[in-house]
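Number of protein chains: 2
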Amino acid sequence: MPQKAFQDYYPEYFAHCYGCGSLNEVGNQLKSFWEGDETVAYFQPKPYHTAIPGYVYGGLLASLIDCHGTGTAAAAGYRAENREMDTEPPLRYLTASLHVDYLKPTPLGPVLEVRGRVKEVKGRKVSVEEWIVVNGMVTVRGELVAVQVPESLVKELLQG
Amino acid sequence: MPQKAFQDYYPEYFAHCYGCGSLNEVGNQLKSFWEGDETVAYFQPKPYHTAIPGYVYGGLLASLIDCHGTGTAAAAGYRAENREMDTEPPLRYLTASLHVDYLKPTPLGPVLEVRGRVKEVKGRKVSVEEWIVVNGMVTVRGELVAVQVPESLVKELLQG
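For the protein sequence lines, the chains are A and B, in the order given. Here my numbering is used: the first residue of the first sequence is 45, the next is one more, and so on. Here my numbering is used: the first residue of the second sequence is 45, the next is one more, and so on.
Calculated directly from the structure, the hints in this document are not laboratory data. Not one of these hints is a red herring.
Identical copies carry no separate label here, and so any pair may be met within one copy or between two of them.
Here are the computed lysine-lysine pairs in the DSS-like style, where the Cα-Cα straight-line distance is at most 27 angstroms:
hint, residue 1, residue 2
1, K166, K148
2, K90, K199
3, K148, K199
4, K75, K90
5, K148, K169
6, K75, K48
7, K148, K75
8, K199, K169
9, K90, K148
Work out the full structure: start from the sequences and follow the hints.
Here is the structure:
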């Protein structure tokens with residue numbers, strides 16, 4: 045059976061994200077998976093995702109680091125509790141802080157490989173390091189701190 | 045005469061950016077201006093720029109910090125040389141690093157006010173601090189380091 049993406053376990057109220065929500069029809073619909081102890085997502089930028097001609101727009105790269113990071117945080121939260129992503133209670137994360145280093149311009153054209161590694165799971169907080177590979181070259185490094193969504197906000201969304 | 049946006053001084057090869065290029069028809073077309081010693085840009089998110097329902101997608105917020113930051117860097121570079129943005133030689137900047145702290149969820153609906161303040165202009169490098177205000181509340185703080193585009197890359201773009 046093919047592996048299900050982290051984002052495909054998100055409940056309906058979490059599936060509208062422009063970056064990774066399966067219900068956001070105009071969004072990027074990023075899909076992240078485990079690959080051993082690392083996580084990976086592949087993304088094909090559109091021709092209009094330009095920074096300067098021939099290179100990928102930095103805001104898109106930051107967005108990929110963001111959504112792959114929160115996805116990785118969720119997956120890591122379940123792994124830390126030694127349970128599957130479809131078990132209760134659900135663990136949902138939001139980005140608290142995001143850092144992106146643009147090491148060199150990222151060529152626009154090839155599929156981008158977004159990779160993640162969990163640095164720490166501590167209480168409600170997960171730290172993830174990430175990097176983007178294109179043509180075998182690391183062009184971007186990122187770091188993200190995600191925090192579990194407060195129950196009060198989940199309640200508000202469910203009533204929404 | 046109304047003030048011209050920083051991005052409207054960018055030459056053609058710099059005007060395709062998805063975040064702020066005036067020639068990118070599907071992009072965000074961000075426009076940044078001086079307001080005393082600070083810079084400001086206003087942006088109306090689209091209904092599909094969702095994170096969780098009712099709140100703005102973090103990747104868009106990072107993108108606004110990115111493009112308003114490089115725009116501010118360019119404007120600051122000219123100010124440091126005490127000349128107007130339409131004078132030669134042109135100064136163009138790319139993001140070297142981007143840091144974004146999401147202080148609280150940003151409500152989706154109102155116009156966002158993206159503000160910037162130049163921290164340092166040092167050689168080819170400009171540091172900018174930024175924040176996003178919505179409904180009178182600061183929801184995001186960011187910091188960006190931009191570097192002047194190398195002449196070799198400009199040459200490549202002009203030949204491209």
